Amino acid sequence: MFPELRECIKAAQENLYRGFIPTDKAGLQWLDSVCADLHRLLRFVHKHLIFDGNGNAGTLETCFLCISQIVMCIRWLEKTIVVEMEPPTGSSRSQGLPQARQCFLDRIIWCLERLKAVLETDDAPESVTDSNFVSYLDLALSLIAPLTVASDEGCGEDEYATRYNEVIVESGRIRSVVEALISQTFSFCNVLPEEDRNRVTGFCQKVLKECVALERDSEGKDTSDKKLRVSVLESAIYHLETHVNECLLRLVYDTFGDTDRTLLAQLRTHIAGVSCEEQIDELTKPFDSFVERLMQIGLFAISYADSLKIASSIRSCLASLEALDSYLIPSLYLGADRNSILLERHWLEESANLCRLVHKIIDTNAFALSLLEMLDSALDAWQQSFNLPQALELSRKADVFLQHLELNASDIKLHVERISLHFADYRTMVLECRAIVQRAEGPDASIDASRIIKRFRVLQGKLRKVQSAISTQTKETRMAPAEEGASSPGEENGTSPDRHTIEANVRELFSASQARLSSTNILYRSRRGEPGKRRLEAASLLEINTFTDIIAHRARDRAVTTPEKGSVRRKPLRRNSLRVAMFKKQQRDQTAEMYESIKSDIDLQITEILDELTDLSHTFSTHPPGKSMSTDVQQPPAAPVRISITNEEIAIVDDNKIRINIYTDI
261 MFPELRECIK AAQENLYRGF IPTDKAGLQW LDSVCADLHR LLRFVHKHLI FDGNGNAGTL
321 ETCFLCISQI VMCIRWLEKT IVVEMEPPTG SSRSQGLPQA RQCFLDRIIW CLERLKAVLE
381 TDDAPESVTD SNFVSYLDLA LSLIAPLTVA SDEGCGEDEY ATRYNEVIVE SGRIRSVVEA
441 LISQTFSFCN VLPEEDRNRV TGFCQKVLKE CVALERDSEG KDTSDKKLRV SVLESAIYHL
501 ETHVNECLLR LVYDTFGDTD RTLLAQLRTH IAGVSCEEQI DELTKPFDSF VERLMQIGLF
561 AISYADSLKI ASSIRSCLAS LEALDSYLIP SLYLGADRNS ILLERHWLEE SANLCRLVHK
621 IIDTNAFALS LLEMLDSALD AWQQSFNLPQ ALELSRKADV FLQHLELNAS DIKLHVERIS
681 LHFADYRTMV LECRAIVQRA EGPDASIDAS RIIKRFRVLQ GKLRKVQSAI STQTKETRMA
741 PAEEGASSPG EENGTSPDRH TIEANVRELF SASQARLSST NILYRSRRGE PGKRRLEAAS
801 LLEINTFTDI IAHRARDRAV TTPEKGSVRR KPLRRNSLRV AMFKKQQRDQ TAEMYESIKS
861 DIDLQITEIL DELTDLSHTF STHPPGKSMS TDVQQPPAAP VRISITNEEI AIVDDNKIRI
921 NIYTDI
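In terms of this note's numbering, the sequence shown has 606 at position 346, counting the first letter as 1, and numbering is strictly consecutive.
Hints should not be assumed to be uniformly reliable.
Stated by the list, open to error - Derived CB-CB ranges, DEER-like: (1) Asp597 - Val676: 47 to 53 Å; (2) Lys270 - Ala525: 40 to 46 Å; (3) Asp485 - Arg724: 41 to 47 Å; (4) Ser351 - Arg711: 49 to 55 Å; (5) Glu267 - Glu338: 40 to 46 Å; (6) Arg521 - Gln289: 48 to 54 Å.
These are computed hints drawn from the structure, not numbers from a lab. All figures in this text were calculated on a predicted structure; none of them were measured in a lab. Glycine included, C-beta positions come from ideal geometry on N, C-alpha and C.
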């Protein structure tokens with residue numbers, strides 16, 4: 261690390277320590293001097309990353325997270341000072357906000373210490389690519405994919421036996437990957453309702469049972485039996501993935517909305533009259549549970565995010581919520597109203613940003629189908645007995661989907677006439693359902709339940725039309741690029757000389773360099789009780805390094821396993837039609853362009869952050885952000901056309917139907 265960088269960090273920390281006590285010397289002028297120190301510091305960080313960082317994904321990931329947190333805390337520290345300068349109601353003197361100051365200053369100092377530790381060490385920090393549900397799932401499927409019935413690689417019985425024996429020799433590692441996958445799933449199950457938890461736990465047991473059976477039945481079986489056994493394990497893993505994603509969508513409906521605002525209002529009302537610690541813990545349990553759900557949703561969102569920018573923003577939101585968890589509840593208990601109001605505003609802003617980013621990842625069609633399923637089950641139950649609280653909850657969930665449509669208006673093309681008409685009808689029915697259930701809950705409790713049920717049935721019909729229109733629009737969008745690619749095969753001849761290098765870089769980006777978050781702490785260490793401690797515990801059964809050699813040699817392409825906008829992923833087709841093949845080529849084309857954009861823009865990310873600090877200090881000029889240049893990549897040659905001509909069910913094992921598809925090259 262540069263000596264100048266070490267001196268800058270020390271000087272910035274000494275200046276920050278002067279701001280813990282609200283005085284005239286720790287006002288906006290002091291904050292300007294802090295911004296100047298940080299501006300100088302981050303210029304040296306930028307220089308270090310260019311010349312000495314070696315482009316390590318773990319180093320860049322940590323530096324960007326710390327810098328984004330520093331910028332955010334500076335903004336909120338400025339808001340804190342402005343609020344301090346305004347005298348409270350009924351008083352002529354200004355009043356300091358020490359708790360709010362401590363929250364933001366502690367976070368800045370923590371981030372500086374973290375930056376110093378990352379930049380001083382000779383060993384680059386390991387990227388958190390391999391410690392989440394998605395990476396373990398991909399790794400497990402990669403290990404067993406060549407041995408399944410539907411494997412693309414045709415081989416003789418002797419060759420298959422050799423390959424099978426090689427995998428069985430490494431069966432301990434397969435078992436370890438499966439156990440790590442199940443461990444990640446169990447940590448997710450902790451925040452699920454009991455019904456979903458029991459269902460997912462059953463699928464975990466099924467996966468583990470089939471994995472043990474694969475090890476136990478490795479001897480005395482012919483090739484067909486072995487393929488069936490491996491295929492059963494693969495099917496169990498896919499079923500686990502499907503149900504985890506379905507539970508994740510339902511968890512989003514349960515968590516998003518104004519839940520946090522309601523919980524904080526309840527805490528503010530009841531916590532003032534509590535004196536013992538046990539009562540405080542009991543009151544904060546719903547809020548702690550809500551924080552855990554947000555964390556799990558955020559972790560899965562980072563795993564499924566196709567955009568590095570969105571993944572980085574989600575991670576920053578989670579880090580802010582994690583830090584506020586240690587300050588917000590104590591400020592409510594101490595009765596420091598202005599402090600707690602400011603921290604609550606910060607919480608609600610970060611929570612809203614997280615919800616907005618997660619909505620950008622969720623697949624709209626899958627999200628609509630999940631809500632339709634909940635409406636179906638509720639309407640069936642209401643035939644026997646109407647439940648007003650459930651109706652209130654469903655109206656809130658319908659409003660969550662309405663927000664999702666509004667946030668993704670450009671992606672789902674709400675301006676298209678057939679979709680916009682259905683959207684307007686759906687929005688009207690959401691408002692009607694919300695109004696009638698609120699009316700039934702209020703003074704006019706004599707409203708007939710059949711009137712409420714009728715409106716929810718109409719809402720269900722409008723939602724079904726929206727889902728159908730979006731599904732049709734998505735299919736048409738997929739087909740159009742494939743037809744354009746198929747109609748111009750001559751363009752493939754002009755292949756760029758750097759194409760192989762770009763494709764190799766893309767594979768490296770998605771197999772090793774893309775930062776994905778572990779389910780441990782995001783950045784800060786919580787000062788509160790068990791919920792914070794649970795987030796600091798390692799969720800995997802094994803060290804990540806155990807799988808490094810497997811990933812290096814047998815990693816699958818992310819394009820095969822990454823779902824559309826992070827929704828329920830589908831089992832990859834072993835043989836694709838020409839239309840699908842061309843669509844995937846275009847996806848690869850776009851991915852290559854994205855990589856080149858990231859590669860050319862990596863230096864500008866910190867530069868833009870420096871400019872933000874410059875704006876805050878009011879002492880430096882703002883430089884216009886640079887524009888990244890993307891490299892046009894020609895499409896690779898077309899894959900051969902595969903057409904399925906028959907489909908035959910050949911066996912049933914443990915109530916699981918196994919199908920084998922016979923394909924013929926045309």
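For each hint, the structure was consulted:
1. Asp597 - Val676: 47 to 53 Å: Given about 49 Å between the Cβ atoms, the range holds.
2. Lys270 - Ala525: 40 to 46 Å: With Cβ atoms ~43 Å apart, the hint holds.
3. Asp485 - Arg724: 41 to 47 Å: 44 Å, holds
4. Ser351 - Arg711: 49 to 55 Å: Holds, since Ser351 and Arg711 (Cβ atoms, about 52 Å apart) stay within the stated range.
5. Glu267 - Glu338: 40 to 46 Å: 26 Å, violated
6. Arg521 - Gln289: 48 to 54 Å: Since Arg521 and Gln289 have Cβ atoms about 35 Å apart, the given range 48 to 54 Å is violated.
The structure fails to meet hints 5 and 6 from the earlier list, while all remaining hints are met.
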